[in-house]
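> Residue numbers (our numbering): 284 to 414.
Worth flagging that the hints you see were computed from the coordinates, not collected in a lab.
It cannot be assumed that every hint is accurate.
To be verified - Listed below are the simulated SDA-like cross-link pairs for lysine to any residue, each with C-alpha atoms no more than 20 Å apart in a straight line:
#1 LYS408 to ARG351
#2 LYS382 to PHE370
#3 LYS408 to VAL360
#4 LYS408 to ASN349
#5 LYS408 to SER350
#6 LYS382 to ALA392
As the list claims (entries may be wrong) - What follows is a list of derived Cβ distance ranges for each label pair:
#7 ASN349 to PHE383: 38 to 48 Å
#8 VAL329 to GLU390: 52 to 62 Å
#9 VAL329 to PRO371: 42 to 52 Å
#10 THR314 to PHE383: 54 to 64 Å
#11 ILE397 to TYR353: 17 to 27 Å
#12 VAL366 to TYR406: 16 to 26 Å
#13 LEU311 to PHE376: 47 to 57 Å
#14 ALA373 to PRO326: 48 to 58 Å
Just so it is clear, CB atoms sit at the ideal spot from N, CA and C, and this is done for glycine as well.
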Amino acid sequence: MLDDYFRQYGLITIFALIAVAIPVGMLLVSTTLSIVGIRPDKPDEVKKSIYECGFETLSKRWSGFNSRFYAIALVFVVFDVEVVFLFPWASEFGYMSSKFGAFVLIEMAIFVAILLVGWLYAYRKGDLEWT
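Build out the structure end to end from the sequences listed, making use of the hints.
Printed below as a string of structure tokens:
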């Protein structure tokens, strides 16, 4: 049993090594081809310019975006992850409720309540307001 346990970690380790080796290998091949001269390195002003939907840019400076978008994106990610956890739970709720009773429902209610407290905090702080 313990042997099977470590075999699973061996598979995860092999997967992680392959996941690291592929990008590192691609970077090494690209750098080697650049040094050898097969991949040309020709810097140009057009390559450094900002590409905006095929149109020429009006100014040369990089413009930032409003920080409110960052707050909205974070709230979206939090609730998106909540939905990722909520769907499998909902699909197995019938089986789990017959086995564990009301504990499963209370556990998910606490999870959703904690997320709603975070949403209320962001709402009262004004992070979701555009005015």
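> Look at each hint and say if it fits the structure.
Evaluated hints:
1. LYS408 to ARG351: holds, 12 Å
2. LYS382 to PHE370: holds, 19 Å
3. LYS408 to VAL360: Holds. LYS408 to VAL360 sits at ~18 Å (cutoff 20 Å).
4. LYS408 to ASN349: Distance ~17 Å between LYS408 and ASN349 Cα, so the pair holds.
5. LYS408 to SER350: holds, 15 Å
6. LYS382 to ALA392: It holds: about 18 Å lies between the C-alpha atoms, which stays within 20 Å.
7. ASN349 to PHE383: 38 to 48 Å: holds, 46 Å
8. VAL329 to GLU390: 52 to 62 Å: Since the Cβ atoms of VAL329 and GLU390 sit about 57 Å apart, the hinted range of 52 to 62 Å holds.
9. VAL329 to PRO371: 42 to 52 Å: holds, 48 Å
10. THR314 to PHE383: 54 to 64 Å: Since the Cβ atoms of THR314 and PHE383 sit about 55 Å apart, the hinted range of 54 to 64 Å holds.
11. ILE397 to TYR353: 17 to 27 Å: At 22 Å between Cβs, range holds.
12. VAL366 to TYR406: 16 to 26 Å: Holds, at about 19 Å.
13. LEU311 to PHE376: 47 to 57 Å: holds, 49 Å
14. ALA373 to PRO326: 48 to 58 Å: holds, 54 Å
The structure shown violates none of the earlier numbered hints.
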